[in-house]
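Peer 1: Residue numbers (full-length UniProt numbering): 1 to 231.
Hints are all accurate, no fakes.
So the derived label-pair ranges between C-beta atoms look like this:
| hint | residue 1 | residue 2 | range |
| --- | --- | --- | --- |
| 1 | Tyr-172 | Ala-63 | 35 to 41 angstroms |
| 2 | Glu-110 | Asn-186 | 19 to 25 angstroms |
| 3 | Val-192 | Leu-164 | 21 to 27 angstroms |
| 4 | Ser-162 | Thr-92 | 22 to 28 angstroms |
| 5 | Gln-142 | Arg-193 | 37 to 43 angstroms |
| 6 | Glu-61 | Asn-186 | 30 to 36 angstroms |
| 7 | Val-138 | Asp-158 | 28 to 34 angstroms |
| 8 | Thr-55 | Leu-164 | 56 to 62 angstroms |
What the hints contain is simulated information worked out from the structure, not anything from laboratory work. All residues carry an ideal CB built from backbone N, CA and C; glycine is no exception.
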Amino acid sequence: MIGLARLLGGASDASDGSDEGAATAAQAGATTTEVATTASEPVKQGKKKRKARPTAPPTPELAEPSGPCTPSDITVTPAVATATGGADVPITLNLRTVTSPACTWQVSPETVTLKITSGTDRIWASQECPAAIPVQDVVVRQAVDTPVVVTWNARRSDEECSGLTEWALPGYYHVEAAALAGEPTNVQFELVRPSSAVITKTVTPKPQPDGEKGRAHQAGDDGAGVSEPNG
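Please model the entire structure based on the sequences and the hints provided.
Peer 2: Following this line, the structure appears as structure tokens:
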């Protein structure tokens with residue numbers, strides 16, 4: 001009886017140990033799974049800072065005119081972008097003041113002079129063609145240019161500004177501009193040769209005589225061959 005009790009007790013102990021081992025293994029497995037799950041979670045990254053967009057510089061405030069300009073305070077700088085012989089040439093007069101921040105002024109043949117020369121040869125002058133200088137009221141500033149456009153007809157001028165004079169030849173010229181009582185400014189420009197016009201001629205086919213329509217070429221025609229007699 002004592003031996004049977006020990007045998008049964010040992011079996012019970014073995015069963016308890018097995019259950020405890022299974023529980024421990026289950027806990028270990030749960031812990032391992034939990035650790036693996038935690039390690040697989042992605043790491044959140046912070047938001048990237050947006051780059052600041054470059055901003056345009058603020059537009060400077062233009063000075064308001066304080067009154068009429070003094071003629072000697074005006075500078076006139078001519079500029080010629082393109083000049084082609086045989087066509088009107090736009091000349092831009094850029095106006096600025098020397099000392100006054102801003103003032104009012106009237107552009108006219110009486111306040112502005114303009115001439116075009118080639119060496120010692122005077123080609124064109126606004127004194128002979130005053131209508132080329134537009135009459136307009138402008139605000140002239142020290143900080144920015146005030147542009148006024150004058151058109152030269154690419155011809156020589158005469159006392160009547162007839163427009164019937166010779167064309168100016170391709171080459172280099174000087175344009176000089178000034179406000180009355182102001183210092184003149186001289187700029188060189190090139191008058192280029194106009195591009196040649198391309199004339200395309202359309203050739204119209206000549207009609208064939210009625211007798212030659214649909215006629216096949218025969219040996220001996222136009223020396224293209226010799227027909228041999230039969231036999």
